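Engineer: So you can see what is in the structure, the chains are spelled out below.
2 protein chains.
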Amino acid sequence: MQDKTTLATKRAATSNRGQAVSADLIAVVIAVTNGEPRVLTIGQAAGALPSGPFELDHRSLQSGLRAWVERQTNHPLGYIEQLYTFADADRIDDEHVRRVISISYLGLTREEQPERSPTHGWHGWYDYFPWEDHRAGVPPILPDILVPRLQAWADEAGAPNMRGDRRQRVEFAFGLDDRGWNEELVLQRYELLYEAALVAEAMRGQHNGHTPAIPGRPMIGDHRRILATGIARLRTKIKYRPVVFELMPPAFTLLQLQRTVEALAGQLVHKQNFRRLIEQQDLVEETGETVSETRGPPAKRFRFRQTVLAERTVAGTKLPLSRA
Amino acid sequence: MQDKTTLATKRAATSNRGQAVSADLIAVVIAVTNGEPRVLTIGQAAGALPSGPFELDHRSLQSGLRAWVERQTNHPLGYIEQLYTFADADRIDDEHVRRVISISYLGLTREEQPERSPTHGWHGWYDYFPWEDHRAGVPPILPDILVPRLQAWADEAGAPNMRGDRRQRVEFAFGLDDRGWNEELVLQRYELLYEAALVAEAMRGQHNGHTPAIPGRPMIGDHRRILATGIARLRTKIKYRPVVFELMPPAFTLLQLQRTVEALAGQLVHKQNFRRLIEQQDLVEETGETVSETRGPPAKRFRFRQTVLAERTVAGTKLPLSRA
DNA sequence: CTCAATTATACTCAACAAGAGCATAATGAG
DNA sequence: CTCATTATGCTCTTGTTGAGTATAATTGAG
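Protein chains in written order, with the UniProt record's numbering: chain A, 1 to 324; chain B, 1 to 324.
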């Protein structure tokens, strides 16, 4: 009955299409191997995330992304989730002057075929963000290099209120205030380091070279920022949704599960509380086997309960993150 | 030192651009007026969200969106946040065969100029989703119309495991199991109703007309789905981030704040607990004035504490949602 | 003026979640 | 055999959260 107005509105909305843009799909693909979180990269310098243009024969954005990742890395993707879409002002096509829209995704898998390839590879994500791994305590880079240089940057601000603002942001993001370290603030930390021109990416073009970049492997374009976004999302998400299981083999011990979580969070976990939480949530069930790969009593093997598959979109896996 | 490989990788990634697409920006703009959450629409049937193509002179996606909303509705936007990006398979330009990528945003403001306009207007979001308002108890549409028709849809499935799967999804999304109603599942509910072909949008093109659509105002294209996404995001977000304040006037009473939260959540809140939570989080401060607009003792007026502006990106506003 | 309805506000209480520590048993490495 | 390492059970404290009770301050209706 309201078809007429509906169609009129629709025509108004679709007429006068904007200029053409091209759409890029970028993937942050994560696996955890031997307690190390790793990211899938392409290029010999491991400085790029798998990516490629969205094409006509892609049925959807997701399937386009899968196609690109599989073409570039031979690696099939399981779970994927959208991260963020942005349009860089300076991203222009070679021939035509055309905006590029980048749509980034987070993907979770298990690492396979560890043989080295010239076209792609897996790299520990703490190579890119050495200040993010707090499993063995606060990394020395933080008090020795990052914090002094960030504070110097805050102090060199012109206006006094800007100085205060910078100081407060640094203190908050890097856990210098009473709240302590918050492992979720990966992106905020990277953006501060970028703003303070301490990462290599922020120095491009300006060859003044008097300030050496801080440790941490750089990437092309804004790929490192996208990686930071993916890590932040994952660190947030494992706390309220059982996505860790996408990274686990079909059967695993509770310690392996814990090590995976710790690898992602960059922080240690209270073992007893971790087990209490996992078991009381009925997320796993025993397979019946036990293994004794290490010392200590044999550990039971578990598998993810398929029953919760339907509900897992909302079920929560809360994690007891500790400071020790 | 690794400039060479970096540039090589970059060239490889940027060459061979994909086909051109056009990018659409779509806005879900929300305000709460007199305890009713409302959404900004265009078109006489109020069946479309403000939207327009991303153009060359837009500095960024966000500024393009702001430009479109202000052009179409004369309404300036405050807080905005990205919702989701998708590429519909059937969305094709009139002249060239071109994919359309839609980037949707959630915007929060206060409603101004309530005079009626032919080009745009504000509409209560529960007009579009009558089953989502549980402030006065479970709405009758739910047990009377929706649940029976959804169960019929589940039962008409072919395979028995598909039947079970549908039943479980319906029970979970509509709170028929022991977990009860979860106000965050707005999108899941809409998608189930769409899948069951109970909403008008799902019947387009197929003029079989033997099944009347359920109550709830439809929108063009997938705009209603996008609105559902925005509502879901907002309902989730008010629980852990103080975004409600974007919807409030500069000064307000705690009851007004509570009514706003209840309007968004579609659920009532335990007053004493609400106040305890708000005050212990130091989110507000007294202005010193009191007002007695209604009966009862005069209420103190509060304002949002500017001090928390910097931290609010992470501060939490937890809400005590009750069932009564 | 009086009463009823409505609101602000202060407390209490039980249930539970979460961080942290203690204790004990089982196992393999040296 | 001894010990480091791990699995596992239990306790204890603290804070959070849902829910109820109680009381005082107002205004509008009659």
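Derived from the structure by calculation, the hints contain no laboratory data.
Among the clues, some could well be false.
[As the list claims (entries may be wrong)] List of simulated lysine to aspartate or glutamate pairs, DMTMM-like, C-alpha gap at most 20 Å:
(1) A:K271 <-> A:E293
(2) A:K239 <-> B:E184
(3) B:K237 <-> A:E81
(4) B:K239 <-> A:E293
(5) B:K239 <-> B:D282
[Stated by the list, open to error] Label-pair distances were calculated between CB atoms; the ranges are:
(6) B:S292 <-> A:V147: 20 to 26 Å
(7) A:E293 <-> B:R204: 38 to 44 Å
(8) A:T290 <-> B:G164: 31 to 37 Å
From a predicted model like this one, the values you see are computed outputs, not experimental measurements.
Idealized CB from N, CA, C, for every residue including glycine.
Engineer: Are the hints correct? Go through all of them and say.
Structural biologist: Verification of the hints:
1. A:K271 <-> A:E293: Holds, because 18 Å separates the two Cα atoms, which is no more than 20 Å.
2. A:K239 <-> B:E184: The given pair, whose Cα atoms are some 17 Å apart, holds under the 20 Å limit.
3. B:K237 <-> A:E81: The given pair, whose Cα atoms are some 18 Å apart, holds under the 20 Å limit.
4. B:K239 <-> A:E293: Status violated; Cα separation ~43 Å.
5. B:K239 <-> B:D282: holds, 16 Å
6. B:S292 <-> A:V147: 20 to 26 Å: Roughly 52 Å apart at Cβ, these two residues miss the hinted range, so it is violated.
7. A:E293 <-> B:R204: 38 to 44 Å: Violated, since E293 (chain A) and R204 (chain B) (Cβ atoms, about 58 Å apart) do not stay within the stated range.
8. A:T290 <-> B:G164: 31 to 37 Å: holds, 33 Å
Of the hints listed earlier, those the structure fails to meet are numbers 4, 6 and 7, in rising order.
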